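Chains as they are written, first to last, in this note's numbering: chain A, 44 to 369; chain B, 44 to 369; chain C, 588 to 947; chain D, 588 to 947.
Hint data in this document are derived by calculation from the structure and do not stem from the laboratory. Predicted model only: the values in this text are computed from it and were never measured. Watch out, some of these pointers could steer you wrong.
To be verified - Chain B regions said to be covered by chain C (calculated; three or more residues, Cβ under 8 Å):
hint: 1; region: 121–135
hint: 2; region: 336–343
Claimed, not checked - In silico EDC-like cross-links for lysine to aspartate or glutamate, where the CA-CA straight-line distance does not exceed 20 Å:
hint: 3; chain 1: A; residue 1: Lys349; chain 2: D; residue 2: Glu595
hint: 4; chain 1: C; residue 1: Lys648; chain 2: B; residue 2: Glu348
hint: 5; chain 1: C; residue 1: Lys618; chain 2: C; residue 2: Asp603
hint: 6; chain 1: B; residue 1: Lys45; chain 2: B; residue 2: Glu232
hint: 7; chain 1: D; residue 1: Lys624; chain 2: D; residue 2: Asp603
hint: 8; chain 1: A; residue 1: Lys369; chain 2: B; residue 2: Glu322
hint: 9; chain 1: C; residue 1: Lys593; chain 2: C; residue 2: Glu607
hint: 10; chain 1: B; residue 1: Lys323; chain 2: A; residue 2: Glu360
hint: 11; chain 1: C; residue 1: Lys597; chain 2: D; residue 2: Asp603
hint: 12; chain 1: A; residue 1: Lys354; chain 2: D; residue 2: Glu938
hint: 13; chain 1: D; residue 1: Lys593; chain 2: C; residue 2: Asp808
Think of the CB as a built atom: it goes at the ideal place given N, C-alpha and C, for glycine as much as any other residue.
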Amino acid sequence: MKAITLIEAVNMAMAYEMTQDKEVVVFGEDVGANGGVFRATDGLQEKFGEARVIDTPLAEAMIAGVAIGMAAQGMKPVAEIQFMGFIFPAADHIISHCARLRNRTRGRLTLPLVIRAPYGGGIHAPENHSESTEAIFAHIPGLKVVIPSNPSRAYGLMLAAIRDPDPVIFLEPKRVYRIEKHEIEDDGEDYPLGVCFVDREGTDITLISWGAMMHETRQAAEKLAALGVSAEVIDVATINPLDIATILDSVAKTGRVCIVQEAPKAGALGSEIAAEIAEKGIMNLLAPIGRVSGFDTVMPYYRLEKQFMPKVEHIVEEARRIVEYK
Amino acid sequence: MKAITLIEAVNMAMAYEMTQDKEVVVFGEDVGANGGVFRATDGLQEKFGEARVIDTPLAEAMIAGVAIGMAAQGMKPVAEIQFMGFIFPAADHIISHCARLRNRTRGRLTLPLVIRAPYGGGIHAPENHSESTEAIFAHIPGLKVVIPSNPSRAYGLMLAAIRDPDPVIFLEPKRVYRIEKHEIEDDGEDYPLGVCFVDREGTDITLISWGAMMHETRQAAEKLAALGVSAEVIDVATINPLDIATILDSVAKTGRVCIVQEAPKAGALGSEIAAEIAEKGIMNLLAPIGRVSGFDTVMPYYRLEKQFMPKVEHIVEEARRIVEYK
Amino acid sequence: MTIVAKFEIKYTQYLDENGELLTNNPPAIAKDFDCLKKLYRDMALVRQMDIKAYALQRTGKLGTYAAATGQEAIGVGYASVMNHDDVLVPYYRGQAAMVQHGVSVEEVFLFWGGDERGCDFKNEMAKQDFPIAVPIATQSLHATGVAKAMQLRGEKRCVFTEIGEGGTSQGDFYEALNVAGIWNLGVVFIVNNNQWAISVPSGLQTACKTYAQKAIAAGIDCQQVDGNDIIAVHEAALKAAEKARNGGGPTLIECISLRLCDHTTADDASRYRPDGELEEGWKKEPLLRLRKYLEANSQWSEVLENEMLTEVNQLIQSNADNYENLAAQPPEAMFDYLYAELPERTLQQREVAMARGAKQ
Amino acid sequence: MTIVAKFEIKYTQYLDENGELLTNNPPAIAKDFDCLKKLYRDMALVRQMDIKAYALQRTGKLGTYAAATGQEAIGVGYASVMNHDDVLVPYYRGQAAMVQHGVSVEEVFLFWGGDERGCDFKNEMAKQDFPIAVPIATQSLHATGVAKAMQLRGEKRCVFTEIGEGGTSQGDFYEALNVAGIWNLGVVFIVNNNQWAISVPSGLQTACKTYAQKAIAAGIDCQQVDGNDIIAVHEAALKAAEKARNGGGPTLIECISLRLCDHTTADDASRYRPDGELEEGWKKEPLLRLRKYLEANSQWSEVLENEMLTEVNQLIQSNADNYENLAAQPPEAMFDYLYAELPERTLQQREVAMARGAKQ
Ligand SMILES: Cc1ncc(C[n+]2csc(CCOP(=O)(O)OP(=O)(O)O)c2C)c(N)n1
Ligand SMILES: Cc1ncc(C[n+]2csc(CCOP(=O)(O)OP(=O)(O)O)c2C)c(N)n1
Ligand SMILES: [Mg+2]
Ligand SMILES: [Mg+2]
């Protein structure tokens, strides 16, 4: 058992499931000989052959459309979109078909497919390589949208995503692809989809995040602890469908909430979480619901990207404001 | 001055501006000889010729992409997407380019374009013709997203949209295309973008909606009045950027809020409005924030669509629950 | 300057509008009168089904409907070469092929009647077929995915997918051709060139002389046939299907016809259709010429015609009755097929919907 | 069976890899040595700029960079026929054409250095040019829109847009060809066929024999040229531009070259490139053959070469210096170009960003 990074965990999960299940095939741009531009599919073509690890032509609508056709035949495609910024040509297939084929056919045709895409900022990439647009897919009924925040969850959630009988959009926070390592047993044990993980228990405030921002959020919780504030930390993990029950339980306990997201603020996932709390948990609230987020502007080119992204200190600051609110 | 419907108002506004401004051109699928499948462009080709009212090939990405190129040259394209359900092939151009070209070029190239699309349910149309996915574009910084709720606003807001120096997604609530008539002077007077309209003043609760649901919301306000509840009614109109100030002012007055939307609940515009109130207006709240909305499921085929859509009675019921909340 | 590639597009027609064979050496089916009579009846079924659908729509019993009038030879022609285990990925005007491959008339009515059960095909033959994809051209890509699965599993099956000539302007159509070409997939792409995309005539759709040549962009085989000539459609489809099942890769077949009806019941083609086009079109339509051919070969008569019409209309009527008598789905049906397992939050909404439904 | 359409694809090369003319009847430019020397210098500028960019990237002073090594003749060749008021709609590996049409080396560095000011071209000639569109193939459609505006205004201008051979698999590319065809737009589509799309070789991209033939799907003129031969590129572009400006409609020119570099600085082509390909490729590269041709015509020498290299490298260095010395934009720059007028809510965020910036 060796310690591996988040991206290695993604790779390990795919390899595990490809070994177990002949119906699993991986495809996308540069996933073959190159092993993916981030190496997520490194070694898979060597191991499983060109028939099951397929370099596609350069066309994202095609990638999604082919995945739909294959999945409708009962195969389990795991398709890669090279960067989430390039998922939009596939949006029609994801929104109009992935999310709907089971429903449309009253369960006759189902789509056990996964669409993977690295997302988020912080790696000094060119434009369209750094956005966080997960809210778009979180709004679409019929999709599952999953975001792992560390290597263990990447392994367990990826396995669950492949095994899930319904389409899963699996968004990988590329900024933390290699930021930490976990020792993970390659035993094929999956993690449940559709539930939030309580990463840290606390009593004074609930910090809610997902993806790369979990990194800052955990650090903020540490700092807050040093300041005498006990923060509960929730990793949403599956952002659609949302496990609001776990969040409401935590809010019932702490009475104070700070949501942390990298995406622009308006109409993002944090808004949905806040709205649910404002509808169902407001009687437990002792302070306004805070949202620490990216700005409502275009993700800047990389020289300014740090100015866009929330930092540990902003979370700490906002959390303190909320905790001190009377 | 004759009384006209919402769709006639859209038509009148386009005709007005085409007469005033030679740079305005209209194009899309079936907008020419056919005058649009809903007749939004009826008579325009006769009046302004085939050069300025153009039937395009059947390709939505192309329609958006062409609009971008033309607008970058300083023309003012008004492009039609036949139904909002078919906007997704154009999503990449709208999200990755319309919203960004000004920013990307530091203001060198700008996009004074409008993309119109009828949206929403209730007209017994086939699948993909009835959805309300406005939240997707409401989340994208750099876009303006405008939804008129009656004929006068359609006229004034469409004029403003065409004149606006930035890209406007203009979503037309087709269920109310012909439901009421307004007497409108064809004088070219526009309405401001970026502000909510307070349709009715009240003291007990703020009802917030936009588009076709304004129709039910206004009726609900009437019924509530009959029940002794004084409802303030806000038509959001521009859903991006959101005029939250007007909403917060109203909430400060009433202390109770019910948001009404046709879209599925999770991650929709109502969530953003609720989140903003939960962040900035919570101290004024006397009750949880209610959201009356479509369900978190796929818009059903039309035989069940009524079961999906919020009705006047649901708004009244929810508003009463909120007003009675202690 | 050298020539590095050359292409040509062939056009095939066997049966002219007078029902006369244009060659002494027609494909086998031209002499297989039992088969032709069956195909004639199948085309008549589609024609009558469309008429019934219009009647239902005009009396408020059906939603918007897209008839295939004038294009029956296309769908009936190609789908009649499909094996049971081949897969059909249709488009919204694809009822001719759908019914041919086992979809019931009732299911067609259900679809246009706003009921998802119209996509839950009960006939074994259609069990793997796709339902109608409303967003134009998306189906072309789904078809390539189905074919890829067949290829990976080493199956000798093939996929047929249809699209209107207007739909060929979509990027998805081209992406599908391209991937089918490079992966050598067993897909047959049928272009129903009925010369109109709602109100947009083919002459405003593309500068191409033919729609067949669009396949040159993907390096795949292509040809044009008279879509009013079921012998030509059948023969081209037969060859393409055999090739596809045997690893020979994809084919595009452009079938030229004419939309002898409005775009849908919601359309009024008189707004844009040039005078006289319909009159000319009706002279070339596919049923008439096949009937003439059968009659000239003493294979058909007024009596047979009437018997056949009685049979298909009874079938249609009983399907229409079933359609009309089928109770609407309960409100919870909105939720029951969203995911394999409904999430907690949506379960609660399902209960709300049921409670509201019960009140009505 | 009749033939209804025929097509052929022509391939043109004038200058072979030894710098020898393959015809006695070359285009005028082949004897215009001043022009050729200028083009040679312009290609060298791009080559040296790429080298400099790599050096900056390797020392942490620049982000990911996509070099055009081996493809200089394409961009320099076609952009050299562009008028000042023609519009360039480039792709990310389009720096050769961009610089040729007035974009400064500093702006190229700024773009890859993560600074939007690299898209705010200051040179009048480039003022209407599009910046790089990162999402592949979207630029093809923008080019058609620009050309449509020119057409509506009755202007004698044209648009050039470039794309990689991999990018031609995108639906947007095809949709652009199709609309350019049916609307007869003045666009020249350049396909830079450098035979790789990151790690995906052309042989996995499409079953087409040529990329030129993709234009047949849109009914537009097309041809293939040796993209390492600037005379061939220039000549084809010249004709296409004149045609485009005079209402003759679009042209697709496939330029065959080879990517003599990694995909970008973030790539390691040794993972997937077959042995020997680079060695072979370097023998055919565009600068070498033009230099040989110039030398054979006594137009070039070691001395001139060195003078030229000194000049371009000084230019590049001074641009690099400007680039390196340019202070980052202030945080509020994130907001200042979002809309013509910033909405209230975002104004508040702008203040937050400024306050945070001030703290640092
Ligand atoms: C993506 C998309 N855009 C627009 C529409 C609306 N629409 C429905 S049918 C049609 C015309 C289609 O013409 P064609 O492809 O020639 O098929 P036909 O109806 O003639 O069989 C249009 C524009 C749609 N269904 N999907
Ligand atoms: C829509 C989209 N998908 C994927 C990418 C990532 N990507 C950048 S370059 C590239 C390969 C492009 O190859 P080609 O078109 O041949 O151009 P070349 O780089 O060879 O010049 C890919 C896949 C992108 N930029 N945009
Ligand atoms: Mg058609
Ligand atoms: Mg390439």
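Legend entry - List of violated hint numbers, smallest to largest: Numbers 3, 9, 11 - these are the hints that the structure violates, sorted from lowest upward.
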